[in-house]
Each structure stands twice: as C-alpha cells, then as structure tokens.
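**Student:** Read off the chains here:
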Amino acid sequence: MIPAAFDYVRAGSAAEAISLIGEHGEDAKFLAGGMSLLPLMKLRLATPSVLIDVGRVRDLSYVRDEGNHIAIGALTRHRDLETSALLGRECGLLRAVAAQVGDNQVRHRGTIGGSVAHGDPASDLPAALLALDAAFVLQGPSGTRSVPASEFFRGFLETAMTPDELLTEIQVHKRGAAAFAYEKFNRRAQDWAIVGAVAARVNGGTHVALVNMGSTPLRATAVETALAQGASAADAAREAAAGTEPPADLNASPEFRAHLAQVLVRRALEAI
Amino acid sequence: MSVNGSAQDHDVEDRTLLVQYLREACALTGTKIGCDTSSCGACTVLVDGESVKSCTMLAAQADGAAITTIEGLANGDEWHPVQTAFHENHGLQCGYCTAGMVLATVSLLDEIPNPTEREVRLGLEGNLCRCTGYHNIVKSVLAAAETMQGAK
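Protein chains in written order, with this note's numbering: chain A, 1 to 272; chain B, 1 to 152.
Extracted from the complex, chain A is given alone in its bound form (with noise of 0.2 Å):
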C-alpha cells in the first residue's frame, strides 16, 4: 500500500515547522516518528497534501528534572521513556507503559508527543498521562501555551491543538516510588488495546484511566469517587464503565469492553 502523493518537507526546528505549517495550510501535517500516521496514509485515511517532518528536531527530545516535574520532548522516543533512570526513579508509571506500546521497532521511532496529539483512545500512553495530570505545552506562531491532559483530549483524534501548533513538551510531576499499575487487554502480543486501565497514587489519593472505553482517553471518574468515599478495590471497579460508550469494533462489542474494564481497573487496583 501506497500512501496518496504528498510534498515532503524538512524542518530544523520548531519555529521553522510552525512557519512551515503557516505557509501549507491546513492540509499539511506534521510527522513525527511516523508510527501512526503512515500506517492511516497508507490506507488513504488520511491523505495530507504536505508533510512536515519534525523527525530531525533533536532539541526536542530529551527527559529533564526540572525540580518539581520532569519535562519531556515531544520527540522522545517510546525507546528513550522505557529506558530513562529519571522517569524509573520520579515516574515509573510512565516508564512501564511506554515499554508496552507496540513491539521494539515501533518504540525504536514513535514518539511520546506524536502519541498525544494523534489523540487516538485506543493509545497506551494519552491514558498514563492523563492518569498523572499531566500538561503539554503547545507552540504556536504567537506563542506558546499549557494545557493540562483534562482539557487536551477532545474527540475522536480530535484535540485542544489548533492546526498550527506544535506540541513541544510534556510535563508531568514528580511522583517518587508512588505506586501504579497498567492492565492490557489484547489478543495479539504487539497490539493496540481492545481496553485498558491504568492506576496511580497521586498525593494521597487514586487516579484511574481508561484506554478505548470512548472516543478519547477517559478518566473513570466513579472509580475514584466511589475509591475516595473508602469502596473496596473490587466495589469500586465494578463502576469502571460507568458513563462511558464503548467502541463497538471486530475486537470486542460494548458490553465486552465495559465487562474488561471492570475487570482490568479491579486488578490494577488490587496491583497498587
């Protein structure tokens, strides 16, 4: 499969990508490691007429202490995450959920920040980070902007982005040992998830997030509710899907779905 002709061009930075977009339009995306828009190019689901590679903007891949959070490139690699002594020893939920995207060739080029901003519900990582109130920072041709993950993730690949922004960082806080857990559910080793939970401890209280239980990653909020009021693990799993409308796909139908994620948020409770 062949992808629709598109102009290839280069940037060397973000400012150059941002002026780049300006000058393409709407119809000009940017790529990042790849991994998920060439596949939709492939299939001519999405069919860009210019594609601005920010591949090479190495400046913006790094993993920072930054005293009270850590900050991340939106070009780091799932590869640099899964082996980052930083984030094993201040955010180790991040860590392990990056070890479990893909296979080894996809964490060899996808890219965190290219995981965000492709949006997609059914990603591993847009729930972790949504799980640990995360922010991102958006540049733009008049600036730059946070945005905490509450309010990114809007519709199905739809997000807070506007066309011309460039998501350039990630930014989340430092959690020290605090304990996590990520439940996967898939038929096939190297797969998306059919769904997903992650908890985490997050000051004193208990964060859960779902991965493809709607048409963004979601929070489950009556978990936490029903977790805050003193519900058992096992009690307050048994709200995971409430409020959410599953996905019907070849994978799993609605019902499927809410039933593994009442399953899957009761063992990543019980894991934590």
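If you are wondering where the hints come from, they were derived from the structure by calculation, not from laboratory data. Treat the hints with care, since some could be wrong.
[What the hints assert, rightly or not] Partial pick of chain B residues on the chain A-facing surface, computed with a CB cut under 8 Å:
1) 36
2) 41
3) 56
4) 61
5) 123
6) 132
7) 133
8) 135
9) 138
All residues carry an ideal CB built from backbone N, CA and C; glycine is no exception.
Guided by the hints, dock chain B onto chain A, whose structure is given.
**Tutor:** Then chain B, alone, in the frame of chain A:
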C-alpha cells in the same frame, strides 16, 4: 543514505517507503513485504543499528542514516552469529519472515545481550512467523546470545 556500508543516492517520489526504496531503487530484495501494515515485521531492517519496520518509514526519513539489510549482515563469507544460530537451530521453515527475524534479533541482542526466554519472546513480538516456528526461532536467538557472549 548508506545501505550496507555503501552510499546510495536516488531521486524518488516523496511518498516512497523505505522498503520500496531498498527493494526497487537499491535492488536489495532480501527485505520482504509481508502484511504492509506494520504488524508482521518481515520488512524489519536496522536504521542506525536499531530495528525498524521499513514499510512504515519514508525513504526520505532515512536520508543520511545507515541502513543494514539482511544482505549486509555477513562479513564477507562469514555469517553473522545470528545467521549461524538460525541455520544450526532450524530457526526457519518457509523463510519468509527470516530476514526480519534475524535483524530484529540483532537489534534485540544489542539492547539485551543475555536475554531470558521470556525477554526473547517479548522482544520479537513485532515479528510474525506464519509457519508458527517460534520455538526454534527462540532457541536460535538464545544460542546466538550465548555465542556472542562467548566471543566477547
């Protein structure tokens, strides 16, 4: 870009995938196209030493990189230890997945030189063998790791 140590320079369409570039522009057909949806790993090559699915990378993205395909793995007449291990342990049946399996293994052993069986199975999750010959493939990888450790 450099392919198996030799410089390659071709004008191709912007949408050319790395796997097409290798097979059609460079005439290196050892790299196979399997599923064409980045699932099966038959098209795995090394880009700057790391395994990558060449059906899901543009040739333009690899501009300036050092690519290794199955044709470039042996040192003259001397096979790479991973190739020898696949040969000796019957790590292939029909052979279609083999080039990708071997290159994914080279990358895996670079990252985890002495893997457990579980690490091998997880490390090769991106490579499918339709003959389902996984048992001997895993055996081959473990044997290659032992040889390469011994050689150090």
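**Student:** Failing hints, ascending?
**Tutor:** 6, 7, 8 and 9
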